[in-house]
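Chain by chain, the residues run as shown.
There are 2 protein chains.
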Amino acid sequence: MAKQDKDLSRITPRAESYPDWYQDVIREGQLAEVAGIVKGCMVIKPHGYAIWEKIQRELDDRFKATGVQNAYFPLLIPESFIKREAEHVEGFSPELAVVTIAGGEQLEEPYVIRPTSETIIGHFFAQWIQSHRDLPMLINQWANVMRWEKRTRMFLRTGEFLWQEGHTAHSTHEEAVERVIQMLNVYADFAQDFMAMPVIRGRKSETEKFAGALASYTIEAMMQDGKALQSGTSHDLGQNFGKAFDVKFQSKEGQLDYVWQTSWGVSTRLVGGLVMSHSDDNGLVIPPKLAPIQAVIVPFFRKNEAENEQVREEGKKLQATLQAEGVAAVFDDKEGQPGPKFYHYERLGVPLRFGVGPRDIANRTAEFKRRDQAEKRSVSLDGLVQLAKDELAAMQRELFSAALARREANTVRLDTWDDFKGLFDADEGKFVFAHWDGTKETEAKVKAETGATIRCIPMEGQGFEAEPGECVVTGKPSAQRVIWAKAY
Amino acid sequence: MAKQDKDLSRITPRAESYPDWYQDVIREGQLAEVAGIVKGCMVIKPHGYAIWEKIQRELDDRFKATGVQNAYFPLLIPESFIKREAEHVEGFSPELAVVTIAGGEQLEEPYVIRPTSETIIGHFFAQWIQSHRDLPMLINQWANVMRWEKRTRMFLRTGEFLWQEGHTAHSTHEEAVERVIQMLNVYADFAQDFMAMPVIRGRKSETEKFAGALASYTIEAMMQDGKALQSGTSHDLGQNFGKAFDVKFQSKEGQLDYVWQTSWGVSTRLVGGLVMSHSDDNGLVIPPKLAPIQAVIVPFFRKNEAENEQVREEGKKLQATLQAEGVAAVFDDKEGQPGPKFYHYERLGVPLRFGVGPRDIANRTAEFKRRDQAEKRSVSLDGLVQLAKDELAAMQRELFSAALARREANTVRLDTWDDFKGLFDADEGKFVFAHWDGTKETEAKVKAETGATIRCIPMEGQGFEAEPGECVVTGKPSAQRVIWAKAY
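Protein sequence lines correspond, in order, to chains A and B.
Count the first sequence with the numbering used here and you get residues 1 to 488, in order.
Count the second sequence with the numbering used here and you get residues 1 to 488, in order.
Since the hints were made in silico from the structure, they are not lab data.
Accuracy of the hints is not assured; some may be wrong.
You can't tell identical chains apart in this list, so a pair holds if it fits in one copy or across any two.
[Unchecked claim] Pairs of lysine-lysine residues, derived as DSS-like cross-links and limited to a Cα-Cα distance of at most 27 Å, are as follows: (1) 334 to 369; (2) 243 to 39; (3) 248 to 334; (4) 289 to 54; (5) 248 to 369; (6) 54 to 447; (7) 486 to 150; (8) 376 to 447; (9) 376 to 316; (10) 334 to 64; (11) 243 to 150; (12) 39 to 83; (13) 289 to 64; (14) 486 to 64; (15) 54 to 64; (16) 341 to 64; (17) 248 to 64; (18) 252 to 389; (19) 64 to 316.
Generate coordinates for the entire structure from the input sequences, incorporating the hints supplied.
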């Protein structure tokens with residue numbers, strides 16, 4: 001690789017500019033690029049899409065294990081549908097893309113491109129549900145949606161994005177709330193087990209909840225800069241959409257009632273969360289369970305062709321053995337020096353790298369480096385497959401621990417407004433666990449003065465215990481501390 | 001099930017009305033329904049979507065095995081892009097859905113919802129490809145597309161549909177053509193091996209080719225009514241889009257040239273092909289390899305609760321054993337009589353059905369019926385798993401043979417215009433293998449007078465050998481016979 005190319009492909013260090021670092025890592029990791037000609041949209045490149053496919057596959061299995069089935073609803077929604085639920089229209093109207101012409105003719109009623117599908121799915125639920133025997137109805141859709149936002153950032157907030165949206169209908173509020181929490185837990189387990197991304201589960205404040213929900217629940221993760229990323233949400237819709245779309249069922253007792261609905265979603269935003277949880281100044285770091293390539297074997301060729309042939313054979317054999325044991329391995333014997341190859345796979349975030357040359361073959365060794373460790377070391381060729389499996393498991397574990405330790409180190413408990421304001425004036429990157437009087441006004445004041453918002457009112461059992469106290473802003477009574485942070 | 005419900009859920013016999021039968025089978029098979037409020041669009045219901053997922057999974061594996069990678073490109077395309085390739089704009093303009101308002105503002109340049117993505121992918125190929133070292137570029141996208149058609153029919157032609165579109169770029173025309181044929185063969189093998197749907201591979205005439213291609217290739221299947229369904233296409237785009245989007249590469253010799261491109265796609269239309277290849281007057285028949293449920297076990301409960309408990313245990317055990325052996329099995333012990341359950345699973349097209357009651361347990365037998373056979377029979381409970389596997393394999397094979405035999409019985413070789421015209425006047429349901437002088441004019445005349453079109457110019461090795469002769473219409477020289485038929 002020429003010096004010139006290297007400069008073009010420089011990754012800005014995090015200390016220099018975190019936002020530039022983020023863009024650079026995505027470019028050098030070949031995840032995506034800004035579409036340019038389509039405002040606020042992006043192209044997801046093969047490496048980024050392969051990560052999304054692994055996310056999809058795993059989540060889809062977990063959804064189905066809870067009885068959810070996939071379906072597909074139209075992209076276009078009659079404009080009038082969006083207006084039927086009062087909070088929903090207020091929340092989404094400013095962001096809609098509208099189709100006014102189709103098949104060469106002006107449409108009598110325009111369609112909007114779905115920003116989310118509660119309304120159109122509500123319309124079909126009304127046709128499909130008559131009796132308690134039709135409930136619960138548990139549907140999910142993998143789809144593209146569009147929200148025309150002013151400020152966009154790759155993966156985190158784009159005009160079009162890919163996601164899944166679950167939509168369920170139930171005969172009681174209690175059962176609906178159970179489903180809301182069940183799916184929140186599916187998201188939390190996936191984020192922690194697969195993405196190695198610790199999350200805090202909690203309820204959103206009224207200000208931050210989904211437009212049209214009774215209550216919204218969220219998983220919130222801390223990025224490396226200490227800001228929060230809302231990574232998945234699960235909504236208790238109550239009977240709001242049931243009433244708006246006349247989704248009624250006859251109960252066991254013969255009475256008509258509106259169904260209780262839920263919706264829940266995660267999106268390609270998770271890929272952004274992945275990048276900002278683990279990557280470093282040398283590029284992407286991907287947790288092994290989500291890495292499209294988990295191990296790469298790079299040959300060291302010398303002058304002796306017979307020896308090189310041995311290296312080639314050993315490399316291919318290793319790759320095949322790793323594959324057979326479930327490790328996604330690549331043997332890169334393309335033309336070129338090992339150095340640029342190392343550089344390439346490092347930027348792609350490949351967890352394990354092995355180098356094998358003629359001398360290694362003679363000694364039955366390989367050079368080994370883990371993406372998240374600085375040092376390389378020599379390992380035995382013969383124990384290599386077991387080593388690979390152990391190191392992948394260890395790396396998955398250690399990435400999680402490192403992210404959790406970072407979150408803990410950057411979470412503080414504050415009790416005075418001076419400390420609170422002082423902290424966010426000095427440092428953007430903290431989670432603050434502090435008392436709140438429960439009012440929108442206090443939340444608005446904090447946001448205006450510090451830029452921080454309530455990320456969630458944490459649920460029990462996560463080390464954020466609920467105890468009463470006094471609001472850090474107003475001194476009024478507070479039922480429990482909440483998590484405050486600046487957010488993406 | 002009440003008599004009344006049964007009438008509402010009647011399946012029109014094919015002999016009475018083939019189009020009504022098609023709609024009824026889709027409704028009763030719970031595959032999809034017309035969206036109604038979104039013109040020409042449909043909702044794909046869980047059972048239909050589960051079949052589509054099986055199609056996707058299998059095709060995706062086959063694509064990846066040829067080196068293709070998935071990516072994702074924007075839904076919206078600047079309107080001007082569509083106009084850059086002359087034939088492309090002519091072909092697609094009448095069917096476009098246009099976004100003119102977004103984020104509350106009138107757009108300066110409208111966007112169209114992708115009818116297909118050659119143009120926008122051409123734009124990105126131009127940025128990604130500089131040198132012969134960047135080639136071949138092998139990309140696929142699973143996506144929704146929109147073509148605002150006047151006449152729609154579920155799965156076969158809908159405003160929005162789901163599909164995959166492969167897009168590749170090559171340094172030589174020869175290599176591009178190889179890829180075109182390779183993907184056509186992937187489609188043909190999949191259709192025959194998985195869908196049990198025999199297809200004829202061939203080239204499209206100039207009239208029928210893709211708007212913007214040098215040449216289009218197709219797989220054509222005969223539906224049960226003898227009409228043709230174009231089931232997948234693979235296009236040699238030549239340098240047309242390369243020139244329109246300035247996609248140039250530097251060759252090994254250092255010269256700049258436009259890339260040679262291909263595109264290829266199949267869609268949810270395949271589900272319509274599946275329905276019309278195998279189903280009968282009792283509802284869906286699904287080839288085992290694509291069946292979301294491959295076997296159902298229905299318990300016969302009697303008065304003795306202790307015996308019923310034995311039936312329940314045996315049923316669960318059977319289901320678990322079948323699952324463990326890779327057979328997607330359901331044990332339906334929900335409340336209700338066996339009769340309505342049989343009726344339900346028959347309509348869903350579940351390949352194998354087992355009934356087990358207390359007497360069966362005592363005798364170590366089960367009642368067995370295959371969806372595509374009229375008779376039920378008694379089989380041994382202990383050999384049931386092997387029987388299930390054998391019968392699934394046999395059914396897959398026999399559905400293919402039956403479809404092939406039907407096509408052969410309904411394919412005729414004609415040599416005079418009187419015979420040709422007479423046949424299509426009397427009978428819509430035939431493939432006619434007849435000589436053609438190669439002109440658009442003759443093709444247009446035949447279409448105007450009979451409704452038949454050239455489905456394809458068949459490739460070698462399928463039993464449709466190329467031999468010269470005289471055009472059935474004009475008597476002018478013909479290089480080879482072609483397949484004529486009425487089509488969906």
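Hint check results:
{"no.": "1", "hint": "334 to 369", "in the structure": "within (20 Å within a copy, 56 Å between copies)"}
{"no.": "2", "hint": "243 to 39", "in the structure": "between (36 Å within a copy, 25 Å between copies)"}
{"no.": "3", "hint": "248 to 334", "in the structure": "between (63 Å within a copy, 24 Å between copies)"}
{"no.": "4", "hint": "289 to 54", "in the structure": "both (8 Å within a copy, 24 Å between copies)"}
{"no.": "5", "hint": "248 to 369", "in the structure": "neither (60 Å within a copy, 39 Å between copies)"}
{"no.": "6", "hint": "54 to 447", "in the structure": "neither (36 Å within a copy, 48 Å between copies)"}
{"no.": "7", "hint": "486 to 150", "in the structure": "within (19 Å within a copy, 51 Å between copies)"}
{"no.": "8", "hint": "376 to 447", "in the structure": "neither (46 Å within a copy, 71 Å between copies)"}
{"no.": "9", "hint": "376 to 316", "in the structure": "within (22 Å within a copy, 53 Å between copies)"}
{"no.": "10", "hint": "334 to 64", "in the structure": "between (41 Å within a copy, 20 Å between copies)"}
{"no.": "11", "hint": "243 to 150", "in the structure": "neither (32 Å within a copy, 34 Å between copies)"}
{"no.": "12", "hint": "39 to 83", "in the structure": "both (25 Å within a copy, 20 Å between copies)"}
{"no.": "13", "hint": "289 to 64", "in the structure": "both (20 Å within a copy, 20 Å between copies)"}
{"no.": "14", "hint": "486 to 64", "in the structure": "neither (35 Å within a copy, 42 Å between copies)"}
{"no.": "15", "hint": "54 to 64", "in the structure": "both (16 Å within a copy, 15 Å between copies)"}
{"no.": "16", "hint": "341 to 64", "in the structure": "between (40 Å within a copy, 23 Å between copies)"}
{"no.": "17", "hint": "248 to 64", "in the structure": "within (26 Å within a copy, 46 Å between copies)"}
{"no.": "18", "hint": "252 to 389", "in the structure": "neither (53 Å within a copy, 41 Å between copies)"}
{"no.": "19", "hint": "64 to 316", "in the structure": "between (37 Å within a copy, 19 Å between copies)"}
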